[in-house]
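Chain by chain, the residues:
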Amino acid sequence: MRAPFIQHLHQLARRVRTFLERVAREEPWLVTQHLFAKLIYGWIFLDTLTVLPLHRELWSIDALVQPREFHNVPFDWVFRVFLRPELRDYHLLFPIAQLALTARAFLSGPSRWLAIAIYVVTMNVDNMAEAILDGGNNLVHLILFYLVLVNVSGTASRHSTARAFSNVAFAACRFQLALLYFCAAMYKLNGPLWQSGMALYYISQVDLFSHPVMFAAMRHFPGLSLMGSYAAIGVQLAFALLVWVPRLRPWVLGAAAMLHVGIAFGMGLFGFGLAMLAMYTAFFSERISALVLSVASRRAELSVWVRPECTRLRGIIAPLVHARVLTELKSPPVAVHGDDSGDAALLVVDRRGTGSFRNESAVLRIAVTVWWLLPFMPLLATLAYIGAFSWWLYPAQRGSTVSAPETNHG
Amino acid sequence: MTPEHLKDDARRHSVQRRLALASGAFACAAFCCHFLMTLVYLSPPNLLRMQLDGLATAYMNPLFYQNWHLFSPHPGITTTKLAVRCADRTGEWSEWADPTVSFYPEHYRYRFLGYGKLLRAYTYPATNLRDLVRDKRAACLEAASSDADPACDGQTIAAALPAGPELALATRYALRACAAGFPQAERAQFKLLEFYPLQYTERNSGVPWSHVDEYVFADVAMNEPLTVSSR
Numbered sequence: 001m002r003a004p005f006i007q008h009l010h011q012l013a014r015r016v017r018t019f020l021e022r023v024a025r026e027e028p029w030l031v032t033q034h035l036f037a038k039l040i041y042g043w044i045f046l047d048t049l050t051v052l053p054l055h056r057e058l059w060s061i062d063a064l065v066q067p068r069e070f071h072n073v074p075f076d077w078v079f080r081v082f083l084r085p086e087l088r089d090y091h092l093l094f095p096i097a098q099l100a101l102t103a104r105a106f107l108s109g110p111s112r113w114l115a116i117a118i119y120v121v122t123m124n125v126d127n128m129a130e131a132i133l134d135g136g137n138n139l140v141h142l143i144l145f146y147l148v149l150v151n152v153s154g155t156a157s158r159h160s161t162a163r164a165f166s167n168v169a170f171a172a173c174r175f176q177l178a179l180l181y182f183c184a185a186m187y188k189l190n191g192p193l194w195q196s197g198m199a200l201y202y203i204s205q206v207d208l209f210s211h212p213v214m215f216a217a218m219r220h221f222p223g224l225s226l227m228g229s230y231a232a233i234g235v236q237l238a239f240a241l242l243v244w245v246p247r248l249r250p251w252v253l254g255a256a257a258m259l260h261v262g263i264a265f266g267m268g269l270f271g272f273g274l275a276m277l278a279m280y281t282a283f284f285s286e287r288i289s290a291l292v293l294s295v296a297s298r299r300a301e302l303s304v305w306v307r308p309e310c311t312r313l314r315g316i317i318a319p320l321v322h323a324r325v326l327t328e329l330k331s332p333p334v335a336v337h338g339d340d341s342g343d344a345a346l347l348v349v350d351r352r353g354t355g356s357f358r359n360e361s362a363v364l365r366i367a368v369t370v371w372w373l374l375p376f377m378p379l380l381a382t383l384a385y386i387g388a389f390s391w392w393l394y395p396a397q398r399g400s401t402v403s404a405p406e407t408n409h410g
Numbered sequence: 001m002t003p004e005h006l007k008d009d010a011r012r013h014s015v016q017r018r019l020a021l022a023s024g025a026f027a028c029a030a031f032c033c034h035f036l037m038t039l040v041y042l043s044p045p046n047l048l049r050m051q052l053d054g055l056a057t058a059y060m061n062p063l064f065y066q067n068w069h070l071f072s073p074h075p076g077i078t079t080t081k082l083a084v085r086c087a088d089r090t091g092e093w094s095e096w097a098d099p100t101v102s103f104y105p106e107h108y109r110y111r112f113l114g115y116g117k118l119l120r121a122y123t124y125p126a127t128n129l130r131d132l133v134r135d136k137r138a139a140c141l142e143a144a145s146s147d148a149d150p151a152c153d154g155q156t157i158a159a160a161l162p163a164g165p166e167l168a169l170a171t172r173y174a175l176r177a178c179a180a181g182f183p184q185a186e187r188a189q190f191k192l193l194e195f196y197p198l199q200y201t202e203r204n205s206g207v208p209w210s211h212v213d214e215y216v217f218a219d220v221a222m223n224e225p226l227t228v229s230s231r
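Chains as they are written, first to last, in the working numbering: chain W, 1 to 410; chain F, 1 to 231.
Simulated from the structure, these hints should not be mistaken for lab results. Backbone N, C-alpha and C define an ideal beta-carbon position, used for all residues, glycine too. Take every hint as true, because none was put in to throw you off.
The calculated lysine to any residue pairs, modelled on SDA-like cross-linking and capped at a C-alpha distance of 25 Å, are:
| no. | chain 1 | residue 1 | chain 2 | residue 2 |
| --- | --- | --- | --- | --- |
| 1 | F | Lys191 | F | Ile77 |
| 2 | F | Lys191 | W | Leu208 |
| 3 | F | Lys191 | W | Val206 |
Sample of chain W residues lacking proximity to chain F, with all beta carbon distances greater than 12 Å (derived):
| no. | residue |
| --- | --- |
| 4 | Glu301 |
| 5 | Ala381 |
| 6 | Leu383 |
Chain W on its own, in the form it takes in the complex (with noise of 0.2 Å):
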């Protein structure tokens, strides 16, 4: 008989493999990867273009941002080819070709090939003027990287280790996501303008990284700077610590996107809040990633499956139906998303093949096909959050048979 300890050992051991396989055998975050790569393509897209009719100022020989000297080895050959001199009178071919190639891999789905020629192409035009880069830049060219490694096709691996690699690089993304933040809110402790609170009140007075607006706000209110200050550092480490954590997620993501919409309009920052918001997408789950997937896709077909017993729900998907909105189906579709749909009191299938959605997610989904519902949807989605539509969506269960009928054995 072996001693406590071995079996322990051998249990972990056991553990530890059945992981590993795990890693090389499922693709647990296919839509969300495939998404997450679509919208930092798409970020990168929008980041060129802003800057495009600034070639001059930025990437050309007469630009007032200088770049680097080229040296004769391997990394300059790939990544900073366009500093030799001979090529400065081109430099608009690389943003143009970065700007084909990521509307290609947003519009009509990335690759690996895909992924390869923009990493090259994106840090080529970066490395051209490198002042005028920022955090959201440095984020995306790490990123980049492991979008190489990543399966961004949106269809499963036919090879293990390009499962494995593929896994733990859309981890990294993860990961240094969360490193970001942890490093920014360390460093922020040990700064005595972050301790006292009194950042923001004096970042507000840099003409570059302020808007009037927000220093006449600080001006009249220390209160705000303190509280400013002190919050994107609990937000920073929140995020670090609790994203991991999927029943706080949620809130951490809003708190974060609330900060960097802050960033954006009252600092400026505005590229740089933007590439944080997109990079928040590798938290998504599978289903979210798929209702975001099917919103975005143009040509949305609806059909429509309501629970017999749930009246309040018909009267209200009735209009819509009438309107012909939605198509209503007899029987429910077959299988929505791998759930089990036995219990469900709504579905919505797009018949385009977009995805299927059942309860809440189904009310967002119709929501965003609607036109006039479109404002609301903050609204509906936090109270989808909450469970606020749980008496619309479950009302039969709840008032009538929920326990089953008694049997009649006389």
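Knowing the structure of chain W, use the given hints to seat chain F on it.
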């Protein structure tokens, strides 16, 4: 199915399982090594960093370079600009002006249009020059016997700066500003301005800045040849 087929299936299954295990182990090991290096690279000085700093830096640079200070621990709180003035053939100088002044309202109004990046490009010659003056001043003060040594005054150091890429870039900035704003300009001159923010106690003083450091540089002719070499 014959026993041979079953045996083949079992063997194939076993090989696939081993391959999956090896792939998973290799990928996870690579992940752990990569993040260990990243942590060492980003961590403050500690025993592990003392041991692995050279290795971590060699591994991370330049492909995985990262720096997550994000306005911390000491956020930049000064505004640095170059003010430019131009002289026509008669030698009469215009007022000092900030060539980027018209971009700020656009930057505040249209956050998503890239004016922020343009302003960063336009302020780059100024920040570049400021860093050079600061470095020279710090070196001078370290060598000097007292902080009040007139040789270490910012203006003295700025005026004595040798020709270099920073000075050439700032000169190009001034020449371009004069060429754009004063078609009759014959000479251009610039000065480096560093605006210091209002202290909390000064916030209702009615002035926009606490104080301004000002370093004036020598004027140059508009047709002066310039070479701005890379860093």
